[in-house]
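Undergrad: Spelled out, the chains give:
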Amino acid sequence: MLNSTTIAAISTAQGEGGVGVIRISGADAIATADKVFKNINNRKLSDMRGYTAAFGKVFLNGEPLDEAVALVFRAPHSYTGEDVVELSCHGGVFITQQVLRAVIEAGASPAQAGEFTKRAFLNGKLDLTEAEAVADIISAKNRSAARAALSVKDGVLRRRIDKVKNDLLSLAAHLSAWADYPEEDIPEVTDSMISNTCEAAQKELEKLLSTYDSGQAIKQGIDAVIAGRPNVGKSTLMNLLSGSEKSIVTEIAGTTRDVVENTIVAGDVILRLSDTAGLRDTDDAVEKIGVERAKKRLEQCALLLAVFDNSSALESFDYQLLETAKDVPTIAVVNKTDLPSKLDINKIESFIDNIVFVSASTGEGKDELIQAIAKIAGTNQLNPSEGILSNERQRANVSAALRSVKEAISALEAGMTFDAVTVNLEDAISELLEMTGEKASDEILDKVFHNFCVGK
Amino acid sequence: MTYFAGTYDVAVIGAGHAGIEAALASARLGCHTAVFTINMDAVGNCPCNPSIGGTAKGHLVRELDALGGEMGKTADECFLQSRMLNRGKGPAVHSLRAQIDRRKYSEVMKHKLELQDNLELRQAEITSIEKQDGGWLITTQMLAQYLCKAVVIATGTFLGGRIYVGEVSYESGPDGMFPATKLAESLKALGLPLRRFKTGTPARILRRSIDFTDLEVQKGDEPPQPFSYETESLGENKVDCHISWTNDRTKQIILENIHRSPLYAGRIEGVGPRYCPSFEDKVMRFADKPRHQLFIEPCGENTEEMYMQGMSSSLPEEVQLKFYRTIKGLENCVIMRPAYAIEYDCVDPTAMRATLEFKDLPGIYGAGQFNGSSGYEEAAAQGFVAGVNAALKIQGREPLVLTRANSYIGTLIDDLVTKGANEPYRMMTSRSEYRLVLRQDNADERLTSIGHDLGLISEERYQKYLKKQELKKAEIKRLQSTTVSPTQELNDLLVSRETSEVTTGVRLIDLLKRPQLDYACLAPFDPERPKLDPNIIEQLEVEIKYEGYIQKQLRQVEQMKKLENKPLPTDFDYKELKGLRLEAQEKLNKIKPLNIGQASRISGVSPADISVLLIWLAANKGKPNGD
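Protein sequence lines, in the order shown, are assigned to chains R and H. Under numbering that gives the first Met the number 0, the letters of the first sequence match residues 0 to 455, in that order. Under numbering that gives the first Met the number 0, the letters of the second sequence match residues 0 to 626, in that order.
One or more of the hints may lead you astray.
Facing chain R, a subset of chain H residues (Cβ under 7 Å, in silico) [said to hold, decoys possible]:
hint	residue
1	89
2	292
3	427
4	429
5	514
6	515
7	578
8	606
9	615
Hints are computed from structural coordinates only; laboratory data are not their basis. A virtual CB, placed ideally from N, CA and C, is assigned to each residue, including glycine.
One chain only, chain R, in its complex shape:
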């Protein structure tokens, strides 16, 4: 065993869901669990085989805390490869925290962030890319995300990266052979040879990078703000999209005082949606703060849902919103289409390209709105099964490779010698090789000897 300490942590997201799981892992995991968990039939967990469950109660300082199910895993057949007990109790921050405290008082150490996965990894249960892809599938909140995560494992992304990498490798090999074998009749390397390859690589890498943002919109969500003057129906719209009663819906203007956040799934896109206080002058001190915050949110968001009331004419605050919308990706949402129209639609069109008509109360226009959101998030262009960058590590490699390719292009344009350009190309290659888990220098030499006839 690599590490003798037994660790514990709450392994479900805090505050989410009806069940909270406290995971204990390590050589003493089962003994530790026995100290806090009393099986209803008095059988000790340490007498149980792996892959078995028991029902009972969890105690802290002799006091019962909650009912719980204990799952026993025996090494190496567990997530971490160690002995593991998972205590499933009722969710909720307080209860799960108390159960964890009981476990720690019984001798476990609090796990560091990612320590379970780290142990799984060190015990050979997962490899790095697998770990990433699996984590992505598990955390996938919608269909596209799941498909994208699978495509990394299937190697669609790998094939796209390989194509760029192989083109750069062939060029670097040509440059190496040309430099290391000056007296062999190796074809001259020309400026246009280098620039053609580099520009093609740049294009593809940029394309991949752009998928990252869309991919993140699918996986992580984008920051969106819903704004409009009081009572245009922002909260109802948000509830329509999210399907829950997060914002307080009343008839009194100014009900929503602060930025209310909610994560909702609109088609393939996750929106981290802030419902803002209505934009209006107010004397109410609390509401004033809310209005300020709303403005700030507006300036920073990736998507603005500007809501207008179909049943009333544009007011000064609507104009203010239209002004703001010029600088932010915006969808004009004309609400209350179930009521007679008094709105100057042409005016809105002169400020905002994307207009969607909905009735938040009847649900009409919801699909159109979701499509419009997908368009802005770029996910409508995105075919997740074409392979997209799905995590920060991959993005960092691709963007560093892109930087090096661009440096090669500008070095070439500036008239730098090819030895310098070669260094840029090799930097790009080594980033891509790192991404796919290979090595640089050997690859280039292998290619030299494969492609060129050199020797004494």
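Given the structure of chain R, go ahead and fit chain H onto it with the hints provided.
TA: Here is chain H on its own, set in the frame of chain R:
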């Protein structure tokens, strides 16, 4: 009956390019040293091309010279023609190559060994090395026994040498010398992992039988540059080389006779180098190539032997004559020495540390072709490091470990001991990731102080080097602070060089940064300029023009250093780390890298494996052996 013949601090087996540098370095460091050669006339022999240097190899020679090695100086003394290769391709890949008089080279080197204090040059075949109290007991074929504190094995292609020419095959060293037939058994008994490599050489052809009329002439540079920082001037180039081409008929003869190649007939088991294929290899592997180039190089001033670079072969002698005679200029050629392939024993270099001492045999070092490399320069570089380390160890001093960050020599050795060699290893510029920092022009800047600290660079030369550095620094400062006005003359120059004009005063250093301009062309606008050594000008121009790249590579060096500062235990069984892939576990257990940096360079250890090692190190802080 064996007899006890004496003791040495260091014994060097072999007096080729590796053995020479090992012996000289050891003796110069004050160790009582012996160097054994199978044939006194084979000291410093060049059994293949009559030249020293070439791409990346020129770097090695310059570096060796900066450290206090002998190859550069001797090559300068024996030079026939010198060229800086890759001019125009950038300073990182500039490489010096000199045609040399090979007999003279051998004679000069032999004489230097003979004159060296603390050094004894002896003709003897070493037949065994055995462990004994106080060191290693070596035995000669004449049954003399010497007790030595350290032994450097530099056996080249002599060890278990076997020559192949078509169907003919016999035990032999290079150039018709006796092979060393007994030592390999003794080395195996010591547990050294030996294997077979092969290499080859082209024919030598009588100059008078070659018609040079229509051949392209290749001349040397004027003035030719020396290798050594101590050589003031070389004088004039003494010879020309010539270029010819093979043709369809040459290819035809190869194809008709390929079944007679010992390689294609499967008679050779040794692994040959991809970069140095025989001519028949080239024809077979690159079948669509209609013709191949060949260089005709003189072997010396007092010989009519000409070396056919590019045409090595192991086909039968009669086939060789046939295909050589298809080549323009060689229609009536007379072969003086036929081409041949030679197979020999060498060691798996991963059994060594970066000091070139065997991990399991303290006091035994390896160098040159024995370590799986190829080339005179690669051999000399390793010989120097092995000889220096043998001496330092005996004297209780810190070992010399050159790094990838300071030299091609360090890169070469790190590659050998970390990645191993599946074929004879040749140095190439593409093997260095820091090649804009490790240039042939600044070898002195990188290594002179190390040579001086070792005691192999004289105080006089060191002071000269320091002075040079000062002059360079001062000149860069002056270029930074000198502004030239935007005169018509200046703008005329800028336009003629296809770079943008200036409208305000501009610093000289900013003009020099432009790739289109050089130090020389700015002379008319820089009347205050001091008279400087051309090498200083070369260095400062490169430093100024490539500043961005150099800085970037220096940052990469720093990053690598961080990884190299994460030590790994050498007594850990990596099989316990289940997160590592099986191949990585095996490779790590074999190499036992000293740190994460070295581990990251082992082929078969992926970045994901390195993540496992890093996480494991972090998880086991304070417990280097795991638990």
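Undergrad: Run every hint past the structure and note whether it holds.
TA: Okay, the hints, checked on the actual structure:
1. 89: holds (3 Å)
2. 292: For residue 292 of chain H, the interface hint holds, since the closest Cβ of chain R sits about 5 Å away, which is under 7 Å.
3. 427: holds (4 Å)
4. 429: Where the cut-off is 7 Å and the nearest Cβ of chain R is about 4 Å from residue 429 of chain H, the hint holds.
5. 514: Where the cut-off is 7 Å and the nearest Cβ of chain R is about 4 Å from residue 514 of chain H, the hint holds.
6. 515: holds (6 Å)
7. 578: Interface hint status for residue 578 of chain H: holds (4 Å vs cutoff 7 Å).
8. 606: holds (5 Å)
9. 615: Residue 615 of chain H check passes; min Cβ-Cβ to chain R is 6 Å, inside 7 Å.
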